[in-house]
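Protein sequence lines, in the order shown, are assigned to chains Y and F.
The opening position of the first sequence corresponds to residue 37 in this note's numbering, with each subsequent residue numbered one higher.
The opening position of the second sequence corresponds to residue 75 in this note's numbering, with each subsequent residue numbered one higher.
One or more of the hints may lead you astray.
[Claimed, not checked] Each pair of labels, with its calculated beta carbon distance range:
| hint | chain 1 | residue 1 | chain 2 | residue 2 | range |
| --- | --- | --- | --- | --- | --- |
| 1 | Y | 132 | F | 152 | 42 to 52 Å |
| 2 | F | 90 | Y | 58 | 38 to 48 Å |
| 3 | Y | 53 | F | 77 | 50 to 60 Å |
| 4 | Y | 271 | F | 90 | 15 to 25 Å |
These aren't lab readings, by the way, just hints derived from the structure by calculation.
Cβ coordinates follow ideal geometry from the N, Cα and C atoms, glycine included.
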Amino acid sequence: MEILFNFLKSTGFAQMELGNAIMIVIGCIFIGLAIRKDYEPLLLVPIGFGIIVGNIPYVATMSLGVYDSWLPIEEGGRGTLQGASVMSFIYFGVKYGLFPPLIFLGIGAMTDFSTMLSNPKLVLLGAAAQIGVFLTLIGALFLGFTPQEAASIGIIGGADGPTAIFLSSQLAPELLGAIAISAYSYMALVPVIQPPIMKLLTSREERLIRMKPPREVSRRERMIFPVAAFLICALIAPGALTLLGMLFFGNLLKESGVTERLANTARTALIDIVTILLGFSVGASTQAQTFLKSDSLMIFGLGALSFAVATAGGLLFAKFMNLFLTDKINPLIGAAGVSAVPDSARVVQMVGQQEDPHNMLLMHAMAPNVAGVIGSAIAAGVLWSVLVK
Amino acid sequence: MSFQNVIDAGGIGLSVTGLTIVFISLVLVSLFISGLPRVLPIVNSILPELEGHHGAPMPSAASPHATAGMDDEVIAAIGFAMHSRGSTSQNST
């Protein structure tokens, strides 16, 4: 009987706290949003289920959570690991920034830079949207975060989950869970956050602007670009070396035409495996005891602000460029400067087609979209270089 | 919660510098992309693009000559067949 009572005390029901229950409900909401609303299901399902897994209470002496980290102990001259859980091994890839570059490799292998190469001025929209990163950094400093924490929070505005995880793992590992969840939540909510801002900042006439179809880009251009762009960006901001190196390496695998097998693996199996591990372990890192804090709420608020500012920055810069251009650009594509690939480009297409169903903006929006990926990686590299302790 | 935190941490300078570096990097990338179509004809005249190289299956590294030889044989066979058919049809006309 005593054994039974001891067991009952060890169950999740007996140890459940209100915080755990709230987080489990949040996990279920994530899964519901993914399935019912189709919001970033590839991310929200692993993260949502990870949240549920990470919030099942267990006996403290059992190693089950992501924070039950490695304790190397010497026994008879042989190193052993004590206290490490399976979850902590998976979380290793997040904690030490291993997963983000691998995801960038896959993104590079699936990205076609042709529209950007055919209309290089659209690259500037990807730069303009990074204003969200730097204004949020100021906002976070204002709220009392340290510069390292503020930079990690600001990068949420880059709308690039892997970049946010990479930078916060280097500068503010204590905020990693909240930043990762915030970044991915807002990436999933791009179809909800962006359209009101897009409609607010543009007139109907601007939304109706039709752009010239992009010119044909030669294969040689597409092959030279990843090498040259990597050299330019990495020599200016070496902190972005890992992310941009993998992004452009993946793209070279795709465009070289002689490594199709490698490119295919990078953009299918590899990125899928890493996404599963990253999403699940990030979700599992949101244990209520470490996650439900006032800091997390502030990070969520700042994250929303940074997304909105980034979207507005891209839009307004597109309107500014139109003052000098004879071939006007549709300012809606400025919103795709936030690098949530390809969701923000899809949102541009959707909002554009609400005004004119025959206006195809998707291919044009992909240019600032992929430029935004490069821009946010450079921003992360700059912040890391300046703020590394 | 104070703007003094921003000033103490050099937040304004950090933000302006960071955004400027991002802009400079992407402007340089943009300039490079703009110039590339003008430079490529010169590059192509020095290093002509290999016809049919991309997209076509790569020849086996172990036996490149064997593959090339087979292509010649196939071309010769097709040529002979067409020549024969042409001769036959001329004769029948």
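Hint by hint, here is what the structure shows:
1. 132(Y) with 152(F): 42 to 52 Å: The hint (42 to 52 Å, Cβ to Cβ) is violated, given that residue 132(Y) and residue 152(F) are roughly 59 Å apart.
2. 90(F) with 58(Y): 38 to 48 Å: Holds, at about 40 Å.
3. 53(Y) with 77(F): 50 to 60 Å: violated, 38 Å
4. 271(Y) with 90(F): 15 to 25 Å: The hinted range 15 to 25 Å holds for residue 271(Y) and residue 90(F), with Cβ atoms some 21 Å apart.
Hint violations for this structure: numbers 1, 3, all remaining hints satisfied.
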